[in-house]
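So the chains spell out like this:
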Amino acid sequence: MSPHPDPPPKGEGTIALGDPDYPARLKQIHDPPLRLYVNGRLPAEPMIAIVGSRRATPYGQRAAHRLARDLSELGVVVVSGLARGIDAAAHRGALEGGSPTVAVMATGLDRIYPPENAELAQAIAQSGAVITEAEPGTPPLPGRFPVRNRIISGLSLGVIVVEAAQRSGALITARMAAEQGRDVLCVPGSIENPLATGVHQLIKDGAKLVQTVEDVLDEFAELSRARARAQARVHARTRARTRADSGPQDPQLLAVWELLDWVEPRHHDDLAAMLNLDIKEVNRRLTLLEISGYIIGDCGAVTRAPRD
Amino acid sequence: MVLARALSGTVFGLDGVRVEVEADIADGLPGFHIVGLGDRALQEARERVKIAINNSGFEFPGRKVTINLAPAQLPKEGSGFDLAMAAAIVNAAQDRGLPPDVAWLGELALDGAVRPIRGTLPIISHLDRLGIKRFYVPAANVAEAKIATVAPVIGVTHFRQLKAHWEYGASLDDSPPIEPATSAAPTHHVDLAEIFGQPHAKRALEVAAAGAHHLLLVGPPGAGKTLLARALPGILPPLSQREAVEVTSIASCVGMLPAGAGLLEVAPFRAPHHTISAAALVGGGLAAPRAGEITRAHRGVLFMDEITEFRRDALESLRQPLEEGRLAVARTRGHAVLPGRFILVAAANPCPCGFAGDPRRTCECTPLDRQRYRARLSGPIRDRIDLQVLVPRQPAGQLLRSTPVAESSAVVRERVLRARDRQRERRPQGPLNGALTGPQLRREPLAAAGQTLLEAAAERLQLSGRAIHRVLRVARTIADMDESSQIGEAHVAEALQYRESG
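Protein chains in written order, with the numbering used here: chain A, 1 to 308; chain B, 1 to 502.
Just chain B, with the same shape it has in the complex (with noise of 0.2 Å):
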């Protein structure tokens, strides 16, 4: 019997698993067979790792080759088991077993080149847990592998390295570092410097942000809401080790992250088009949970334009995760829990036409048009949506007018640092102001001259019980950016202004 294993893994979900590769050469007929619930890349890797094994040097053994892929009945997809298959297989030929507490990850090229795999940071953070000494990866994969674990990681840029490695001991070590493709400054976000004017819209982000809010910014086309929304992850304060590690293994699991990088240390950006469906927001595919837009929004901001014209299925699906944090995700052969913790920030015409409040333009709307439109936003999701503030057109001449610089985005998230800092001062582990619940709010000192304006405010304008703790939610937040840790009445009187109207 002539029998090698390989140890490597996969993801499912956004977790590692591991997978042992084992691949055994019998007698009879030549040919090459993969078991194991492989999808179909998998299936094709057995013409991948047969070209590239015979192009790096070794040959292909002329015999019955067989491969297992263990645990059998996890389904598997993609091609990162190719590296730890080639090993197998010509260890098994030359009757070699592999060291038990060591990794292989890659893809292969016909001509034995290793490439970059998705998945790398959770595979490898799995590994390291189980006690995996050493971990060849691709080298494009090495920066973000070293994230996960301490163990020695070696880049692999071809299969060719390994044929001298085990037949002479050669060191693998001294191949060259790769340079990351991109740098990991982001280029979408929007400077606030760069937005004239709009005090009101920008109080709300910078609001929004040291509370973790969900805001809605109402306006006609051509207000500028997208670049507000662009300006927001600008003054989010930077991503913590573990929400970075976070952040980088969803980049990693769904292919997003460039070649070559370590940890992502900006929060995401995402803003799907309003044609989106339910799955692709939430995540899918068919053998194993893929993270979706709400996902990979995860610790940064889910930017969604024109919230009215989102299909309804996928609207609700945002309730789950506005409420938890994260997402349940079943499917046919698995379910899993997603991530799903992020700012909302919802953009809308004020009416079907968009042109309700526009001095310059006359609305064409009946009132049950602008009922239906705004219904369309159900309960629920409104409910969770703290902040709403109307951006008004801009005048032309105003873009053109040489302007007073405005702040910039830098000297505002010093400001939302310090009141994020409050926050996990008085809740070290709790949520965010933005997360209160109602109990928790009751808790917070509320001044007397705050709860008398509060009570006549219900009284006068008609809050509902969930409008009045979503003023409260924002009043604490502009307490802790006044760094004062009583709700005073001035906090309850702005709070009042970012409510929903009508």
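Chain A with its partners taken away, still in its complex shape (with noise of 0.2 Å):
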């Protein structure tokens, strides 16, 4: 301990369960947290949580990331954990949308965990908010963190999951979500995925699909208004995205683009050899494609870029 500790962070404070601004959601659940320590603001607006595995794969990532930020771009708050993998990756897209999100932590406020997501941690305190039921001082303990996951179903309207495996964390939350009355949602991933397999059980038992945003959009009555702003937008987004589904114009560029998957990454020279060409040629084409945003490339292993 330093001497001088530093004066609590602005916005840092508590909500009883009796106080006004308590969220109304999370006191239906059946055992609602009697406090709950918040570091920045807890927002009102209808919220979202997306959750899932730790270990994600890029593909689990950039789904997360995806929906996140078009859910926040239309104004919806999305709820997650502040774990590696799914949820940092659901905190980073909805923070690039615009509206605050929440972070709902298992340990106390003054301990981050993953330490790696302090700075994450801050930024989301900025625009929204940083919770806990535990007290400060509160190291990672195993035990808190299903306790943890039922604040984050608590929250929301319903849970998005995006890649858990059978027996993980992700689905105990999807199980207390069901058990708390609220909706879950699964992003399917390949049947290759062991991943996966937890998310197309919840979908076997009668969970919903999502693809895109409109998808959870459509679910909830609450979020109508933000259905409307999505019908708005979705004419402007309809053509951009036939584009990037059809690949370029470049007939060149077209011939290296179909070679591509949106999942298994391609080596440079399996597309040279599938295409006859010398791999300087090869290489100079697929960086058209990674500046003009068709693919994502990783230094010898390409994937087509995802719907935008």
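No lab work stands behind these hints: they were computed from the structure. Just so you know, not all the hints are guaranteed correct.
As the list claims (entries may be wrong) - Over the 12 Å line for every Cβ pair with chain A, so calculated as not near, a few chain B residues:
no.	residue
1	Asp111
2	Arg203
3	Arg270
4	Ile276
5	Pro445
As the list claims (entries may be wrong) - Here are the in silico distance ranges between beta carbons for each label pair:
no.	chain 1	residue 1	chain 2	residue 2	range
6	A	Gln122	B	Arg424	48 to 56 Å
7	B	Gly430	A	Gln211	53 to 61 Å
8	A	Pro142	B	Arg376	28 to 36 Å
9	A	Pro140	B	His274	45 to 53 Å
10	B	Arg40	A	Arg111	35 to 43 Å
11	B	His273	A	Asp110	43 to 51 Å
12	B	Ala458	A	Asp110	33 to 41 Å
13	B	Glu323	A	Pro140	40 to 48 Å
14	B	Arg312	A	Leu141	32 to 40 Å
15	B	Glu323	A	Arg111	35 to 43 Å
16	A	Gln211	B	Ala458	31 to 39 Å
17	A	Asn276	B	Ser485	28 to 36 Å
Glycine included, every Cβ here is placed at the ideal spot set by N, Cα and C.
Build the complex: two chains, separate frames, hints provided.
Spelled out as structure tokens, the structure:
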């Protein structure tokens, strides 16, 4: 401990169960937290939770990021748990979208976990809130995480699960959400991806399959305002999207793009062999595709850029 | 007073130093003393020299013999003074002086045979500049000595030969030349034709050779990173006369020059293991700095497999040579500047478990694990690595399939030579493309389309200023390979695919 502890950051405080600003939806669950420690300002807008694996694939992180950003752009507050992987991607996407986002932690406000998300937590508290039920100083304890998960689902209209293996924390959140009467929505994955098995089980059990933000909005009457905003944008977007879906105009670039996949990376060497082209020409074309946003490269392996 | 002086030399760092060996024979109790800051090997020379003299038809004087090695403050090591000491002693015993413009180098065996020594080339080169007219060296070092001087070099195989030489003026020059123990042809090089597929990595290798760029190969275990690295020396241009002398000097000083070998003409290849200490990489030694792996790779290739596994201080020791092409070594009893201009080929797994990006195996690493793994290679070292490519695992079937023969190293080397020639025309004395600085890069002609593309890339791919410099250096080399004086759009576009990921 330093001899002169820093004064508590602005906006840090507590909300008790009886307070008028206690979140109304959270009050409805059968075991609401008696007191919430809040860093930032808890927003009042409708909330949707996005949760998933800490060991997410790049695909899962992109999906979480994109859905969170789109929701946030339409004024929906995204709630998640500040964990690695899907959670962090969802918070980042939400911040990019411009609306506040809420991070529910299992540790004390002064014990950001995992530590590499400390900066992210700060950014979240700027516009939204980092909240916890745990006393200051509470370290990351395994038992705390499932308890925390009930708050994530309790705050939200519904929970979107992106990548969750069987018996994962994200599935616990989904089960709690169902018990609390919240809708569970799922982003599907590859059938070869072990992290998609839990999600696919949820879909089989009746959870709604989500591809786009519209799929989320359609599910909740409370999100009608956001839906109206979304419809205004859809027209503008459709054109850009068809463009991205059908690939580039230039036939040379199109020939490369057609050999690529959205999920599985392909190596430059394979493309050179399939196109029967010199590697330097393949590399030239890949850069042009990359700069116009059609593909994503990773020093020798490329995938198609996800829909935007 | 009975005194004789024989001129000899040693190396300090990689430089030859003149050492004068004085022998004094005085009345008194019979004994043999060596003074003048010699190391342990030198103290043991007393026994060697004494027995060798007696076994060569001379008689070791039964009086008080003192050897002084001057300059006295210079730390001296090794056994190269044996011949000079023996020459000085037997001539002092005969009360005969030795000519001042003749030098003596060699280690003596107990039977009087003359053994090869380290550092012949730099020593002779230095003594030649001081005006020495004649050199007596171990027969196995004659070829090496003749690189450094046009003065007569006399190969001595046995101390006995000198008896006839001094007593009857017999000639030594007809002693048979020693055949090199091994041919100078390198055995560790791999021909590109032996590597199937992998055009992306091979192209990066060719660019690395053409512009002297450092290269990072990322790929799972068993993808063939080592094979690719070993192919690099074979596509580098042959060493120039000056470079060959530098490389041969270094090999001579560290005792890596095969007996009887002359000038080394092929770029060296060094592959230190990742457990190496910083001192072994940089060079060291208590008395005088000795060349480490960095200097041994001078003008060649330093291959660091599993670069993230190297000790942190060892990796940091690369900074100075990567930036300046040389390194300063300070030790308790002196310091030296050693050369270290090499092409670094680093290899690493994509993540700690090695399976990231492998479609058949699941990577078990968390993002934090990967972040930590990547951070082991510090920024200043990454900044110097212009090229980075992913080397994918080769399907097992591919290794067995009968394949069309790939381009051979000789063909690729021709192209590398042409690209190097273009660089030399532009900057006869200046650096190769891989060492161009920001201001130098800005003076390179860049086509408008290339400029536009680079700006778009910087924006879209979020390239830092340093990353842009790396792309430009590589694009400059690709333009040279394309025999274009201007850096065009296609050159920038290709260069961008060799940038660091993520």
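Structure-based check of all given hints:
1. Listed as outside the interface, Asp111 (chain B) is consistent with that label: its C-beta sits roughly 61 Å from the nearest C-beta of chain A, beyond the 12 Å cut-off.
2. Arg203 (chain B), annotated as away from the interface, has a beta carbon of chain A within 12 Å; the closest lies near 5 Å.
3. Every CB of chain A is more than 12 Å from the CB of Arg270 (chain B) (nearest about 26 Å), matching its label as outside the interface.
4. Once the 12 Å rule is applied to beta carbons, Ile276 (chain B) is consistent with being away from chain A; the minimum gap is 27 Å.
5. Distance check for Pro445 (chain B) against chain A: the nearest CB is about 19 Å away, which clears 12 Å, and the non-interface claim stands.
6. The hinted range of 48 to 56 Å is satisfied by Gln122 (chain A) and Arg424 (chain B), whose Cβ atoms lie roughly 53 Å apart.
7. Look at Gly430 (chain B) against Gln211 (chain A): about 57 Å separates their beta carbons, and that is inside 53 to 61 Å.
8. With their beta carbons about 30 Å apart, Pro142 (chain A) and Arg376 (chain B) fall inside the hinted range of 28 to 36 Å.
9. Checked against the hint of 45 to 53 Å, the pair Pro140 (chain A) and His274 (chain B) fails, with Cβ atoms roughly 34 Å apart.
10. Taking 35 to 43 Å as the suggested C-beta distance range, the pair Arg40 (chain B) and Arg111 (chain A) does not conform, at roughly 60 Å.
11. Between His273 (chain B) and Asp110 (chain A) the beta carbon distance is about 45 Å. The supplied range of 43 to 51 Å therefore holds.
12. For the pair Ala458 (chain B) and Asp110 (chain A), the beta carbons lie near 39 Å from each other, so the given range of 33 to 41 Å is met.
13. In this structure the hint that Glu323 (chain B) and Pro140 (chain A) lie 40 to 48 Å apart at CB holds, the actual value being about 42 Å.
14. A beta carbon spacing of about 34 Å between Arg312 (chain B) and Leu141 (chain A) agrees with the range 32 to 40 Å that was offered as a hint.
15. Under the hint 35 to 43 Å, the C-beta atoms of Glu323 (chain B) and Arg111 (chain A), about 42 Å apart, fit the expected range.
16. The given range of 31 to 39 Å is respected by Gln211 (chain A) and Ala458 (chain B), whose C-beta atoms sit roughly 33 Å from each other.
17. Between Asn276 (chain A) and Ser485 (chain B) the CB atoms are about 31 Å apart, so this pair conforms to the stated range of 28 to 36 Å.
Of the numbered hints stated above, those contradicted by the structure are hints 2, 9, 10, listed in ascending order.
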